[in-house]
Amino acid sequence: MTAARDETSSAAPPRRTADLLVAALVTGIGAFLLHGAATMDVPDTAGFLGPRFFPTAVGAFLAGLGVLSAIRTFWRGRTAAEPPRDRVDWKPLGVVGATLLLHLLLLDVLGWIIAGALLFWGVSYALGSRRVLRDLGISFVVAAAVQLGFSAGLGLNLPAGILLGVV
Amino acid sequence: METFSLLLGGFADALTPMNLLWCLIGVVLGTAVGVLPGLGSAMAVALLVPVTFTLDPTGAFIMFAGVYFGGQFGGSTTAILLNTPGQSSSLVTSFEGYQMAKRGRAPQALATSVLGSFLSSIAAVTLVSFFAPAMVDLAVNFGPAEYFALAVFAFLATSAVVSGDALRGLVSLGIGLALAMVGIDEQSGAVRLTLGSSQLLDGVSIVVITVGLLAIGEVLHVASTAGSRPATGTIASGRPWMSRDDLSRSWRPWIRGTILGLPFGAIPAGGSEIPTFLSYGAEKHLAARRGRSEFGTGAIEGVAGPEAANNATVATSLVPLLGLGLPTSATAAIMLGAFQQYGIQPGPLLFTEEADLVWALLASLFVGSVMLLVLNLPFAPVWAKLLRIPSNYLYAGIVVFATLGVYAAKSSLTDVVLLYVIGALGFVLRRHGFPIAPVLIGAILGPLAESELRRALAISQGDIGILFDSPVALALYGIIGVAIVLKLIHVARTRAARARPAPQLDD
Numbered sequence: 001m002t003a004a005r006d007e008t009s010s011a012a013p014p015r016r017t018a019d020l021l022v023a024a025l026v027t028g029i030g031a032f033l034l035h036g037a038a039t040m041d042v043p044d045t046a047g048f049l050g051p052r053f054f055p056t057a058v059g060a061f062l063a064g065l066g067v068l069s070a071i072r073t074f075w076r077g078r079t080a081a082e083p084p085r086d087r088v089d090w091k092p093l094g095v096v097g098a099t100l101l102l103h104l105l106l107l108d109v110l111g112w113i114i115a116g117a118l119l120f121w122g123v124s125y126a127l128g129s130r131r132v133l134r135d136l137g138i139s140f141v142v143a144a145a146v147q148l149g150f151s152a153g154l155g156l157n158l159p160a161g162i163l164l165g166v167v
Numbered sequence: 001m002e003t004f005s006l007l008l009g010g011f012a013d014a015l016t017p018m019n020l021l022w023c024l025i026g027v028v029l030g031t032a033v034g035v036l037p038g039l040g041s042a043m044a045v046a047l048l049v050p051v052t053f054t055l056d057p058t059g060a061f062i063m064f065a066g067v068y069f070g071g072q073f074g075g076s077t078t079a080i081l082l083n084t085p086g087q088s089s090s091l092v093t094s095f096e097g098y099q100m101a102k103r104g105r106a107p108q109a110l111a112t113s114v115l116g117s118f119l120s121s122i123a124a125v126t127l128v129s130f131f132a133p134a135m136v137d138l139a140v141n142f143g144p145a146e147y148f149a150l151a152v153f154a155f156l157a158t159s160a161v162v163s164g165d166a167l168r169g170l171v172s173l174g175i176g177l178a179l180a181m182v183g184i185d186e187q188s189g190a191v192r193l194t195l196g197s198s199q200l201l202d203g204v205s206i207v208v209i210t211v212g213l214l215a216i217g218e219v220l221h222v223a224s225t226a227g228s229r230p231a232t233g234t235i236a237s238g239r240p241w242m243s244r245d246d247l248s249r250s251w252r253p254w255i256r257g258t259i260l261g262l263p264f265g266a267i268p269a270g271g272s273e274i275p276t277f278l279s280y281g282a283e284k285h286l287a288a289r290r291g292r293s294e295f296g297t298g299a300i301e302g303v304a305g306p307e308a309a310n311n312a313t314v315a316t317s318l319v320p321l322l323g324l325g326l327p328t329s330a331t332a333a334i335m336l337g338a339f340q341q342y343g344i345q346p347g348p349l350l351f352t353e354e355a356d357l358v359w360a361l362l363a364s365l366f367v368g369s370v371m372l373l374v375l376n377l378p379f380a381p382v383w384a385k386l387l388r389i390p391s392n393y394l395y396a397g398i399v400v401f402a403t404l405g406v407y408a409a410k411s412s413l414t415d416v417v418l419l420y421v422i423g424a425l426g427f428v429l430r431r432h433g434f435p436i437a438p439v440l441i442g443a444i445l446g447p448l449a450e451s452e453l454r455r456a457l458a459i460s461q462g463d464i465g466i467l468f469d470s471p472v473a474l475a476l477y478g479i480i481g482v483a484i485v486l487k488l489i490h491v492a493r494t495r496a497a498r499a500r501p502a503p504q505l506d507d
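For the record, the sequence lines run as chains Z and V.
First residue of the first sequence: 1, per our numbering; consecutive thereafter.
First residue of the second sequence: 1, per our numbering; consecutive thereafter.
Derived from the structure by calculation, the hints contain no laboratory data.
The beta-carbon is built from N, C-alpha and C at its ideal position, and this holds for glycine as well.
Treat the hints loosely; a few may be bogus.
If you want the footprint, here are the derived chain Z segments under chain V, 3+ residues with CB under 8 Å [unchecked claim]: (1) 19–31; (2) 58–71; (3) 139–148.
Looking at chain V on its own, in the form it has when it is part of the complex:
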């Protein structure tokens, strides 16, 4: 098999002592950032991108892989221990995980999450190694119309279909699109929406947008309730060890979650929110059928399944990222930005032009997930000690590191101003129930959608029919149309159900 030899070559590149060290550092740093409350893998990667720029590309990507996995695990840890998921994908984990932690079963929740993530990551990376090239073959035939359809698909999938409130999701999307427009228009050179500021000509960096919305927004949110609930407490967690019973209850959800998650990552627009919710729903349904459901009070199945689904999705999301240059998650988008920093354009040509790098990256994903398992399972209590830092210091540290990460990237005070302004925007959005993910997707894919649309219409001399003159594009519009109809039916049903008085959720 050709793939095997290529992958072995990748391992040969990845397994040098120096690269292993970068991977280890990446895992440690990624977990350390991810384990901070409210910060997930996207934040870990965003904050640590500037660090990797001092390395050669191979070393940087390997460190990246470590940061990525570390951040994933770290984000789930805080979702379980603190009920502050760092990313929407570990939102579901916090439902049952936090309940388990409150019942003193935090170690078991952490362990099932670590093991489930490891197993599903390995399965997903294996699949990516074998199918990314095939996917790329398909993508070679993609033109502006298909790319535009993909971007529209991603927009509507994340804003209207997945989020609870379509109107709010679309507003978030629009704000993201608007943020991405600031600066010089690439195709015509026109200056757009800079308010006359020369510092804004370069546009707003995606790192500034991400860190501002997630980290600064989170701190402002905590501050907004600090008067009645001072955030100075600490949280404890014990040694992660699962009983035989825990294991036997976990392994089926792991497998089901992995299978659910795999296809969603490969769809260039999936995101891991849908599969995690699906897995949670499936496990809840199955537990109710077995008749001894712990859901609502801390069911281990409700952590194992979604965590596996989430990690399977993030790993397979490398297929559209590497093969099509299409990021389907915030993390993937930041990685795309980092690729571009090295002058590498992910897309159909990546596998031929930068083959060594791609296979080294895939190999280092394996290395990263193994390293993480080794590091996290026995050392989780050490990580949990980070949470014994009083929350006020944790959040102060978040602000300091967010400020510094953004400032150090370009030594620009304007970026810090933008960071805080976008943080305030993130707070307002969050407070009023607007989802953050569509803002990021809009900011990231907006420029792609615009340039492909303009390119397509330039080719057709303004004939809009070119956008629908392709089976792939038509299929994508068809899927999204069906999804919207299903969503409308679902909304109508829940609205009917809500007519009955709903039980009040406590805390």
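Just chain Z, with the same shape it has in the complex:
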């Protein structure tokens, strides 16, 4: 094949490839279950059937379904009468993903108010909002209100992080 085409300018990638990937994923999950069942440490106390039976059965079930899906994709090409899917916009999706990841990394370090505000702001930005400053203001108000509601109202603790002394 020639060099990879630019995703954003090309038409939707063939569904067949995507469907095959999903079929492979399903088969992979099944294989993981089978592997997990085979390598499991089974205590001597385990009774009849034991803890291995169900993972083995479900693993075989999923692996079989994955193979069936792949066969069906080859057989029929595009599954009949399904509406065409929208093309994935990787950029906003990536921004949301990065925002979630950043939130996980920062929650304990910076505390809820900052990490939560960034979470709110990042998702809002990814979905197309470009009023950066107004959004930042709203994000902090939301995060602070939530902190107040959960800590003061419900007595649930949220990480205070670097604002520990202030809050």
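Got chain Z; can you put chain V on it based on the hints?
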């Protein structure tokens, strides 16, 4: 009548000023969460379960009932206004409801949905009050074989029979079963599928699975199309008021929908998808026969019938939930989890051991639906104002609340990681046309199916015949067998019909 006095006792417990306040708060919060796009009653209950844990059991259940009904109404509201049903049961509502909203008839669609839901809920809760104990008597005789048959019935009913594509439905089911297996096996103590992580020993919480699949998955889905269609717009809706004509067109669908929905909730495996689709189909058929069908462009009958059917089903689904400990919907499953948090095991013994609590819960369901009608009919425009928040803030808020709800429950960052990973899984599933409901059913009933199967075979010393040695189990396998055959016939017919070119759906 004994039931009356017990129910009156329940009302006495439920109608204290403090409990009424909890119910009111629950309705408001439930509607507020349910009205967020993509979030339905399951999400409302899932997010608000941690809130109820600070209360005593009676107060918590009453708040629960409020949240439950509030979430139901809220979910239908967004199905109508935004075309984003929060749960599969209000999927059908969005077909005609959204068309009505586009024609400027959103208030009428909302009103017929509110009134229809109220009437069918009252009818269904009345039935539950009188028949749950009888159902429980039957359930006392249930052993491992029957429970296993019930779980298999629920699995196949939701994955293979109801969903449009049996292969995809079964994959979803398998993924749900796999998710539920992570952690320590209860019977043997073996560690399963944790990838060596000690945080996963407790397994994956059902709340994490639900919120991840539905809320985070939905936001990722919206983000995946945000480049070409920035999600920053708003939606408006007016005052809900029905004309005499609207009422006269609605009341028959309400009744038909209620009657259709009632039995499906009580079957321990129904789910409200089937009755809503049946009601929609029936109303469409009847309208075509009357010769002035508005279906496709916003028919009020297409909202009234399915909404009534849906609410009748969810209310009667309390019968298997309370009487058998069997959840038949995502919401019911989360409620089951909450019961267990209080050390209460729904099932045959619940009505004798925790009688006060059960009757208080039933009474508070009445109170909750009345409170909701009072709150929703006149204040619907206020709720609709939530939708005037730009969508980007709405979705950002969903992520914030989902993250927080999960984090606050156990103060565990691992749960948040799992939430996002499962959210990504939900996005992939949704994008490739896999139904979400079977994942939830699998995750919820998987452990039950496994432990009952192992228990049954332990009793019989490995003789598989014990699974079929009961009329109830045989009947369940028989019903599911017939349903699968009917489904196969239906698939073959539609495939033949699809050979002709289908008209293209726009938008």
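Verification of the supplied hints:
1. Against chain V, the segment 19–31 of chain Z contributes 6 residues with a C-beta closer than 8 Å to a partner C-beta. That satisfies the three-residue criterion, and the hint holds.
2. Evaluation of the coverage hint for the segment 58–71 of chain Z: fulfilled, as 8 residues show C-beta separations to chain V shorter than 8 Å, against a requirement of three.
3. Evaluation of the coverage hint for the segment 139–148 of chain Z: fulfilled, as 4 residues show C-beta separations to chain V shorter than 8 Å, against a requirement of three.
The structure shown violates none of the earlier numbered hints.
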